[in-house]
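Chains A, B, C and D, in that order, give the protein sequences. Residues 233 to 528 (this note's numbering) make up the first sequence, in order. Residues 4 to 262 (this note's numbering) make up the second sequence, in order. Residues 749 to 1117 (this note's numbering) make up the third sequence, in order. Residues 891 to 1311 (this note's numbering) make up the fourth sequence, in order.
Just to be clear, a hint being listed does not mean it is correct.
Heads up, incomplete: computed chain D residues facing chain C, CB under 10 Å, no partners named [claimed, not checked]:
hint, residue
1, Gln985
2, Arg997
3, Phe1197
Hints listed in this document are in silico derivations from the structure and should not be mistaken for laboratory results. Here a beta-carbon is modelled for each residue, glycine too, at the ideal position from N, C-alpha and C.
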Amino acid sequence: MNGYELLNVTFQFLESFAFIVLATVGLAVIFGMMGIINLAHGEFILVGAYATTLSAHQGLPLPVAMLVGVVATTIFGIVLERTIIRRLYGRLLDSMVATFGISLVLVQLTRILFGNSIDQVSTPFGAISYGSYSYSLYRVLLAGAAIATLLVLYILFTRTAFGIRARATIQDEETARSMGVDTDRMYMSTFAIGSALAGLTGALYAPARASPTPEFGSEFLVDAFVAVVVGGPSVLVGTPLAGGFLGLIEAFFTFQWTQFIGTVAMLVAAIVMIRLLPDGFSGLVESVRTSWRESE
Amino acid sequence: MAASDPTVKTTRAVDETGERSSRILQTRDLHKEFGGLTATDTVDFAVEEGELRCLIGPNGAGKSTFLNLITGQLEPTAGSIYYDGIDITPLPSHERVDRGISMKFQVPTLYEDLTARQNLRIPLQRIVDADEFETRTRELLAQFDLLAEIDETPAALSHGQQQRLEIAMAMALEPTLMLLDEPVAGLSVEETAEVAELLRTIQAEEGVAFIVIEHDIDFVETIADRVTVLDQGSIFTEGTIEKVKTDPAVRRIYLGEER
Amino acid sequence: MEGVRMSSEPNSSLLERVRSPFEGPNTLGNSNGFWLTFGVGVVSLALYPVLFGTYAAGERAVFLVYALLGVSLCFVWGFCGILSFGQVAFFGVSGYTFGIVGLNVSSYTGVTLGIVAGIAVATLFAAALGYFMFYGGVRDVYVTIITLVVALVLKTFMDQTAGGEWAIGEAELGGFNGMRNIPNLAIGVGDVGIDVSRAMHYYVALAALIAVYLGLRVLVNGRFGYAMVATREDETRTEMFGYNTTLIKFVTFTLGGALAGLSGVLYVTWGNYIDPQQFAITAASMPVIWASIGGRDSIAGTMAAAIVLQWIELQLTGEWALVIVGSLLVFVILAMPEGIAPRLRTFVLDRQSSSEPATAPATTEEVTD
Amino acid sequence: MTRRSISRRSALAGGVASGLAAIGGCLSEGGILNGSGGSDGPMIGVLEDRSGEFALNGTAKWQASLLAVEELNADGGVLGEELDVYDPDPQSDNQRYQELTREALNREGVDALWAGYSSATREAIRPIVNEEEQLYFYTTQYEGGVCDRTTFAMGATARQQLGAVIPYMIEEYGPRIYTIAADYNFGQISGDWVRLLADEHDAEVVGEEFILLGETDFGSTINAIQGEDPDFIASMLVGNGHANFYEQRADNELDVPMASSTTMAQGYEHRRLDPPALEDMYVGVNYMEELETDRNAAFVDAFYEQFPDADYLNQEAQNNYFSIHMWAEAVEAAGTFDQETVIAELEDGIEVEAPEGDVELDPETHHMTHHMRIGRADGEHEVTFSDEQYIEPSFLHEVGCNLPDDPEQTQYEPDEFYDEI
């Protein structure tokens, strides 16, 4: 492996890492904090991508269009939470079926409203060149966006009053309520954050993908599920570790053989990881941490 | 009472020293750590056949951990557990149950969708044939004064009835050692007295040994042959209830904290 | 048998005695009315080829095949609490295995061997996966996701098996294009045997479904069923009654895999074709949806939901079809969380207690479709 | 008849076992309640995807088919009868295709069937079509090689498309070819054709990668291409996931020209992707909406008049359109809808005025001789055409497919016949 090839594999890793983390965060926040597996997660990403692309077609500059994508998805998430999701708290499996139904409806409604595809917005920034190789700068920058997203989440959940209330609600709803936390509102806000993150993913990938189609969201689903489980219930710890681990496996095997081998290696690694760490990376970190504190 | 078992053992009085050869349970250097923290600290502990032993100690003393080690729900970091003279440390929970260890959990864990009869079937079907279900069910329910509730689901039972049904289910396996985690927590004075009476009767008529975790010191006083006080994962002291009650050190660590 | 039965008054003893092994608290329908409805349902399904012709029956056989797949999930999920997205994996593996054997060993011997091999491989696969998971301490939602990922790995793998290097003897796996020309169902040795296609295939599928249904009723109302239900409700507690819950989950999961394998064989002999799409996320979700809608602890409910939902999907054409199906799922989950069959039962019981003993309560009306 | 069946039915209530025996006696194909099944007049089946993965390609196929039927009916129908269409949406789902095909053949009794975009779909339904000896038109451009008595392949084959574009590219840009293709039969066989054509024209395939359908990440593929630095890329990628390659090629500023058999004419990537993703893309096609002939202008106008919201009129849609007209001509000539007679009529050799130009059915192979052009997209995604050739389906002739003399139901693959692969 010469220096250029090392750069190639590094960039491929960064791209995989960014994709896994960004595909996962929204799903992970909702799953980790609320115990709901949102099978319509891909379609939340779809909403973000469509809102971004369509508003960019209206002449808005790309960053503004992306903001529109995030806001639209957030509002969409809140509406869905108020009408349907809130009735499913504590019913993990029912929520899976209901969100699967929502996903079917959204995909087909998108098709009915906007046709089989919408025109693409081009990727900004161009490429980095090195030797005979080059790599899209935007794709590399997505890794930065992924890390920034995780940092913002970290600050939100550990340094703000909202975050402390949210975590209290997750740990013990009864106690939190008795201490004056409006848990209903807490869940709504958490769901809104999860939706906003999915919207952000859609917004960021709208220009980095071929023209959006109603199936846009499904491309993210497999990586998101795998990473949520490998990461375990804690978003802040699990998601980056899962993204790093799975991204590394995928990039290495892809570089060494082909993208197909990379994909299969990543999925197999995920199965083995779940077997070894039934509560994922965050379970591992958690058990190391609690072992220092308490026993019973 | 249906004392159908012909091999009824009689209760043995326990002398002050507590030394006996007929140990049903014995732990040697039993040790459990969670990460860096010690929950059970090299415990040597023994229960005689047919004895009713109470485990007391402040919150976090390691009582539940200790019971979980005996049932096999937890694996010890070091040490061994002997049951009826055999090292059961490597055995999984269900095999320990097969050897005669039965457990009633602290939180009620009845099967919500099933009636009392069906709940009892779950332990019963492991040891009797299908044509004996009904007879044994009725015997057990009669023994625990629940015959009228035979077709009720747990939701329709009072708290005391639920506790009795749980003990009945644990007894259905005809154990030689019963582990009870706070059997009277949340019960009224009358219900507590009923349970105490019940345990004494079982002990007397069927020769079952008990290890009971309990906070209610009056209850402990009513039932216990001997008492073991746990503190910070190790045995602080052991002996009759009178001896333990009057020990000023015990009062300091346990009773003082209790009220 | 005293202890097993529990509800009805002692009247017609022969009927009761015939019924008793099939009844118990672990299944929903235990009344004369239920069995009458069930009988009507079975007879209606049996009459379908007569009324609508052998072609129609041949086409609809796939509904029964998928109902069987739904039942395999209902068994592991509804009765033992293991939500598996991997039923399609066993279904597909069995289908491909049947195809490989059937295409390589000509004559009736091949097909008969294929049936055995398909179910055997699916069962072994489920056993291996179950051993890996349950003896490794994987539980709850993580079991769900592992099974889903296993199905997706199979999809990814099978998708790229195009070309001659992926032929096993005469059988080309075919990659994305799928494996084709898989023989019809038949049984026999050498040149002597019976071909099963079209209406006969329909009847075989129906017979398999009914046999599995009755067999599972006996199983779940017997000793093992109690152990499964106890494990589903509280694993630790059940362990402390001396049950090896790990073994119970392992056996249940393996049996579920075998049933999915049986439906896989019936599937490939229906369409003479299988492709990796059978492992995809949409396909993997379908059994979960049927069981959720029908009632995950109601075998008859799951069967009925599978048949009715497939029928609705086929009837609905045009661009709003998927919107309607999706909305229906959301509506059912919100309106009747425990599924339609348990809800119907509650409804029937309420009516019975409020009015005088009702005749023939329609517990699973959908079956008659 | 009805009376007897009813008494049978009441007997059945007695017991399932005896009932099953009784059923044996009165089973019939149509059943009792099913009526006659199908419409009274002539009917064709059009099973094309309007939702799911292939909606992008299937929608226009369906629309163009309806347009053809509309035109026929406006013109007095076929044999004086109004033509009906059976056209449920198969939703890109092969199992649904199987169900709907059986429905079309057995219940609706269609006189001819148009169905399916992907080869996977074709192979899923062909056993059913074969069993019923159904007249079937498959209109997608495909890998080639299907030699089937009742199947008529209307699309250009890989041999026809690549045979047009690969030699042109070798001439224009040089002999070093890097092949990327979808990892299934279509892609692999197309890859084989590229190697054969390279061999024939003293060129060389310097790299070859088969990519799983639905793959969206092409970073490593692009790096691998850059490592080899070929003269041009032969791209047989399929589906919207793979369209990401073109997008990423532009992002990464990889400016190697591309030859293709799959791009633009089907999924109109040049319209959907932002330029310059497809700059220097050369595709071998028999038809594109942009074709500048008077006949095509009229066709495009009629299409958008009928379907003002349509996305694009693709190559396959044109194939559906002309083949429905061709079938109607054959029926008129035969004077009957009887499928055997119509097949015989088609095998007599038939020519039809298609929007791409006059095309001819090759009786021996049931394939079309097509006008193959090379469409090139520039930096603004403007498409221009050059180098029109009239190319026969030669591969099947070489393997000896002669359906009128030797009816068979096979798919031949090039690696069985050429040592070079």
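Tested hints:
The criterion of a C-beta within 10 Å of any C-beta in chain C is met by Gln985/D, whose closest approach is roughly 7 Å, and the hint holds. The criterion of a C-beta within 10 Å of any C-beta in chain C is met by Arg997/D, whose closest approach is roughly 7 Å, and the hint holds. Against a cut-off of 10 Å between C-beta atoms, the interface hint on Phe1197/D is violated, since the closest Cβ of chain C lies about 14 Å away.
Comparing the model with each numbered hint stated earlier shows that hint 3 is the single one that does not hold.
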